[in-house]
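Residues per chain are reported as follows:
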Amino acid sequence: MNDTHPLLEARGIGKSFLGITALDNVDFTLRSGEIHALLGENGAGKSTLIKILTGVYTRDTGTVKLDGRDVAPGNVAEAQELGIGTVYQEVNLLENLTVAENLFLGRQPRRFGLVNRREMRRRAQALLHDYGLTIDVDALLSSYSVAIRQIIAIARAVDLSGKVLVLDEPTASLDSHEVEMVFAVLRKLRDRGLGIIIITHFLNQVYDIADRVTVLRNGGMVGTREIETLPRMELISMMLGKELQHVTRDHHALDETVEKSSAPIRFNGYGKRGSVAPFDLDIHPGEVVGMAGLLGSGRTETAFLLFGIDRADTGTAMIDGNEVRISSPETAIAHGFGFGPEERKTDGIIGDFSVSENIALALQARQGWAKPLSTRQKAELADSFIRSLDIRPPDPDRPIKFLSGGNQQKAILARWLATEPRLLILDEPTRGIDIGAHAEILRMIERLCADGMSLIVISSELEELTAVAHRVIVLADRRHVAELRGSTVTADNIMAAIADPSETEAA
Amino acid sequence: MISTRNLPFLAALAIFLLAYAACVLQFPNMLSTRVLGNLLTDNAFLGIAAVGMTFVILSGGIDLSIGSVIAFTSVFVAVVVGSAGVNPLIAFAAVLTISTSFGATMGLMIRFLGIPPFVVTLAGMFLARGAAYLISTQSVPISHPIIDAIQGFYFRFPGGGRLTAMAMLMLLVFLVGAFVAGRTRFGANVYAVGGNPQSAELMGVSVGRTTVGIYALSGFLSGLSGIAYTLYTSSGYSLATVGVELDAIAAVVIGGTLLTGGAGLVAGTLVGILIQGLIQTYIVFDGTLSSWWTKIVIGLLLFTFIVLQRGIVWYSDRRLVEGRLKEA
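Sequence lines, in order, name chains A and B.
Here the first sequence is numbered in the working numbering, starting from 2 and rising by one per residue.
Here the second sequence is numbered in the working numbering, starting from 3 and rising by one per residue.
Some hints could be false.
[What the hints assert, rightly or not] The following label-pair restraints were derived from C-beta to C-beta distances:
{"id": "1", "chain 1": "B", "residue 1": "Ala96", "chain 2": "A", "residue 2": "Arg112", "range": "29 to 39 Å"}
{"id": "2", "chain 1": "A", "residue 1": "Thr376", "chain 2": "B", "residue 2": "Trp294", "range": "45 to 55 Å"}
{"id": "3", "chain 1": "B", "residue 1": "Val209", "chain 2": "A", "residue 2": "Gly34", "range": "31 to 41 Å"}
{"id": "4", "chain 1": "B", "residue 1": "Gly245", "chain 2": "A", "residue 2": "Arg70", "range": "53 to 63 Å"}
{"id": "5", "chain 1": "B", "residue 1": "Trp294", "chain 2": "A", "residue 2": "Glu381", "range": "54 to 64 Å"}
{"id": "6", "chain 1": "A", "residue 1": "Ser405", "chain 2": "B", "residue 2": "Pro118", "range": "30 to 40 Å"}
{"id": "7", "chain 1": "B", "residue 1": "Leu136", "chain 2": "A", "residue 2": "Asp396", "range": "41 to 51 Å"}
{"id": "8", "chain 1": "A", "residue 1": "Arg112", "chain 2": "B", "residue 2": "Gly245", "range": "40 to 50 Å"}
{"id": "9", "chain 1": "A", "residue 1": "Thr317", "chain 2": "B", "residue 2": "Gly313", "range": "37 to 47 Å"}
{"id": "10", "chain 1": "A", "residue 1": "Thr347", "chain 2": "B", "residue 2": "Val178", "range": "42 to 52 Å"}
{"id": "11", "chain 1": "A", "residue 1": "Gly194", "chain 2": "B", "residue 2": "Phe181", "range": "34 to 44 Å"}
{"id": "12", "chain 1": "A", "residue 1": "Asp396", "chain 2": "B", "residue 2": "Arg211", "range": "38 to 48 Å"}
{"id": "13", "chain 1": "B", "residue 1": "Leu19", "chain 2": "A", "residue 2": "Val325", "range": "40 to 50 Å"}
[Claimed, not checked] Residues from chain A that face chain B, not an exhaustive set, calculated with beta carbons under 7 Å:
{"id": "14", "residue": "Val77"}
{"id": "15", "residue": "Leu95"}
{"id": "16", "residue": "Asn97"}
{"id": "17", "residue": "Gly107"}
{"id": "18", "residue": "Gly487"}
Treat the hints as calculated values from the structure; they're not laboratory data.
It should be emphasised that the depicted structure is a prediction, and the values quoted were computed from it without experimental measurement.
C-beta: ideal position from N, C-alpha, C; glycine also.
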């Protein structure tokens, strides 16, 4: 396969949004007749690259060649005409239309200017027949399962474009049987000579279906490799960005007496079907518990359970020896929990609210809406945190959406610190934040736990975890698979723990 | 194939037929071509406007400007023809051009300024009504040989009923509307945009062109409806047809179109119009009931249909989940 000429060749692709670099000098080559996996953690630049190739974004720098010709699709339709079709994870087809209408939207066969429904039905049936589907094409799309819809979407994309097929997490909501169904279709298309790009975060699936992988990290290119000669460990280290370093850090171990004493916050057999397998977790005061794992390993799902966003269906939560039910974020806040979510822009901040209003939110929620904080209280609160966390610009009345990512993150921290929580959960606290603010936030985490607060830090930056965490819990395939403490908290131990259990099938 | 998608339409049709049968049992005279002919003529202008509203609602939008545009059209035609003596056909062409560009402009604002249709068409409603007052605050009578000819034109049914020009125009609009919705790419795009504009865009539908087209069509049909209204009343009056847009929305929803867009039939709107007309006719026949009963019954029907639609959505979701559980 090595001698086939490249079907799609991208060189030196760069793209930035409002001065923030999303993609920098990335090369990507796709051969015809191969399935090429594009890997990387959140924010690595996968989606940006895909959107440039499929015409959703225009690139700032670089060239894209398709079949040796320079191309620059300006929108999705142009990319389709060039031969590049896309299938997205969810928003894809229209549930309120029939299967045939979905397949032929915008290109319905016509006779005398009117849509020829009989012809459309016949062609839809013939098209799906190639994919091994014999279904009623006049039924609404919503009457079929996600796997069938995904195959219909693939059929439409291939029929429209026919050279390059881009799949953005096509299997995220499929069970293993359905994944096999979709993969069978993809293999058939590969054998027909299509070039297929697939984004997925299931490593098993990468090894199952891909011929080559390209790994991106923080908007940069890490490398392209043949999957057959790439050990799992090495792939993980490419994604997480740490060369295998055999260095053990001098760990500020937790005070022995604290560690021996029974933890005030304990979760036993806590879990939720289809989200995270039951796990035990004890949290001591002043402890930083790190959570490591790849995207989709159950990190965020664990945080959602602990904070009551998802409700556990097994297990118990004990606080100070009393069993409690954490059924909503509201009860979690009442028990002294705080949560800084991963999707800061959509789940964390309220963009049009001012900095001071954003800071006051959680405290207000805990007090109850019947007892509003006075304007003066809010101003004092905002002022003290803007000073102590060095939020810039130091203007409490500025809408928070105009602040940089790092300062938004500090404001979210301030929001929770205002409630004086005993357990603060931070999901990817340093994502999308510049280097300076990054170090500051890590220092802040250390200072907080020195004050006796417990923290759970979820991160895909291994260095960050090994630097701040007393203990690291490793997740894979939605299970807690290992717990590293003290001197065993090293980047390669974490990676080994991630790599090892993934031999088993994903849930 | 009877899909759950068409269930609300079939329910509306069944309700109309049952209600009509019940009316006929009480007043056998209601089963005459005369009643039927009047039913069509009296509701012609509302029906024409409701076809435009059907497209708007199918796309997930709303057009509140319809009643005002009808009033504007009727005043404009009455003044231009009645006072200035312009040929009515030229006046019709002019006013249709105005109302179509008015609708297209609202579509452009909805799409390219990202303002919700409710707000844009609310502004349009005030604008058109104000423009109508500006032309004349009086009721302007209209008389012209061509208009008299159109008004006097009809086919006679056996039994004495008349199919007037206005009724024919409405039926033609419904026929063409049904074809456009069901058998053209534009129609398919309307359903696609109503289903999910993001998906539609990703599938290559020109959401902008479709949106502008929809509101232009609604503007055109409002103008046409205004012409029918002028013919119907032989006058133009700027205070007329207040709230007609709400009657049109009611007809569309009772006819089985999902208020959130993406599902429904133009034919359903005709049934919705007929149901409203039937209630009015019944009240006339009864003679003792207050005409407000029309509103009460329509209100109850609307509730029923909205609950029915919710039920269908809920039912098909549940069936899908059960189906998936069985597969697993």
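- Item | Per-residue hint verdict: A/Gly487, partner chain B, C-beta under 7 Å | 43 Å, violated
message: Tell me if the beta carbons of B/Ala96 and A/Arg112 are separated by a distance inside 29 to 39 Å.
response: Given a distance of about 36 Å, which is inside 29 to 39 Å, the answer is holds.
Margin query: Please check whether A/Thr376 and B/Trp294 have a Cβ separation lying inside 45 to 55 Å.
Written below: This hint holds: roughly 50 Å between Cβ atoms.
### Query
Do the beta carbons of A/Ser405 and B/Pro118 sit within 30 to 40 Å of each other?
31 Å, holds
Taking the least C-beta to C-beta distance, is A/Val77 closer than 7 Å to chain B?
A/Val77 check passes; min Cβ-Cβ to chain B is 6 Å, inside 7 Å.
*Between A/Thr347 and B/Val178, does the beta-carbon spacing fit 42 to 52 Å?*
Between A/Thr347 and B/Val178, where Cβ atoms are some 44 Å apart, the hint holds.
Determine whether the Cβ-Cβ distance between A/Thr317 and B/Gly313 falls within the hinted range of 37 to 47 Å. This hint holds: roughly 39 Å between Cβ atoms.
Could one say that the CB atoms of B/Gly245 and A/Arg70 fall in the range 53 to 63 Å?
59 Å, holds
**Request:** May I ask you to test the hint 38 to 48 Å on the CB atoms belonging to A/Asp396 and B/Arg211?
**Result:** 43 Å, holds
task = Evaluate the given range 31 to 41 Å for the C-beta pair formed by B/Val209 and A/Gly34.
result = Since the Cβ atoms of B/Val209 and A/Gly34 sit about 35 Å apart, the hinted range of 31 to 41 Å holds.
Please check whether A/Asn97 passes as an interface residue: C-beta within 7 Å of a C-beta belonging to chain B.
With a closest approach of 4 Å, the A/Asn97 hint holds.
Is 41 to 51 Å a correct range for the gap between the Cβ atoms of B/Leu136 and A/Asp396? Between B/Leu136 and A/Asp396, where Cβ atoms are some 48 Å apart, the hint holds.
In summary, the numbered hints that this structure violates are 13, 18.
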